[in-house]
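Engineer: The opening position of the sequence shown corresponds to residue 1 in the working numbering, with each subsequent residue numbered one higher.
One or more hints might be untrue.
[Claimed, not checked] Here are the simulated distance ranges between beta carbons:
1. D40 with G90: 25 to 31 angstroms
2. P72 with E146: 30 to 36 angstroms
3. E116 with S150: 32 to 38 angstroms
4. E107 with K129: 22 to 28 angstroms
5. K129 with G109: 22 to 28 angstroms
6. D40 with R75: 19 to 25 angstroms
7. K111 with A60: 31 to 37 angstroms
8. T142 with R27: 18 to 24 angstroms
9. R106 with D26: 18 to 24 angstroms
These are computed hints drawn from the structure, not numbers from a lab.
Glycine included, C-beta positions come from ideal geometry on N, C-alpha and C.
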Amino acid sequence: MSCVEIEFREGTATKEDIRAHLEGCDRDFSPKLSLKVNIDEYSKKITTRAKTFEAWSGRALVGLVAAYMNDPSTRTGFITSVSVVKEFMGRGIASSLLERCLNRSREQGMKTLRLEVSLDSREAIHLYKHFGFSEIVRKGETMSMELEISEKRQS
């Protein structure tokens with residue numbers, strides 16, 4: 001594939017953009033996302049409640065990190081979705097989006113970020129560990145991970 005310019009944005013994707021992206025990535029989730037959630041309803045929830053960190057190639061949403069940062073009492077955020085279109089994997093897009101999410105979490109005063117990941121998603125687990133997430137609990141085929149957010153990220 002030729003070198004395609006990626007534009008990073010925050011909070012610009014519509015419900016339709018997110019739905020189309022998640023439907024396009026559905027088969028690459030383990031298990032398939034559509035087996036766990038109604039993608040249309042999930043897209044609406046992300047659009048109305050989450051902060052979105054987006055990678056665009058032209059008019060196509062090719063990467064997405066969505067996180068809820070709306071719990072000021074515990075100052076804990078939750079990353080609900082990390083996805084990159086298969087043809088764009090391996091280009092550092094997920095890392096760039098996670099970095100942007102961590103920076104925004106820090107700016108919003110979050111102290112902790114959590115996420116859940118399928119135990120089958122070895123590459124995703126490796127990526128999250130690279131960012132400093134650690135396992136907190138396993139339940140069935142899912143691992144919960146957590147990151148204590150410092151003032152500045154330790155590289």
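Engineer: Next step is simple, just say for each hint if it's right about the structure.
Structural biologist: We went through each hint and held it up to the structure:
1. D40 with G90: 25 to 31 angstroms: Given about 29 angstroms between the Cβ atoms, the range holds.
2. P72 with E146: 30 to 36 angstroms: violated (18 angstroms)
3. E116 with S150: 32 to 38 angstroms: violated (22 angstroms)
4. E107 with K129: 22 to 28 angstroms: For E107 and K129 the Cβ distance comes to about 24 angstroms; the hint holds.
5. K129 with G109: 22 to 28 angstroms: holds (25 angstroms)
6. D40 with R75: 19 to 25 angstroms: violated (31 angstroms)
7. K111 with A60: 31 to 37 angstroms: Because 35 angstroms falls inside the window, the suggested range holds.
8. T142 with R27: 18 to 24 angstroms: holds (19 angstroms)
9. R106 with D26: 18 to 24 angstroms: Since the Cβ atoms of R106 and D26 sit about 31 angstroms apart, the hinted range of 18 to 24 angstroms is violated.
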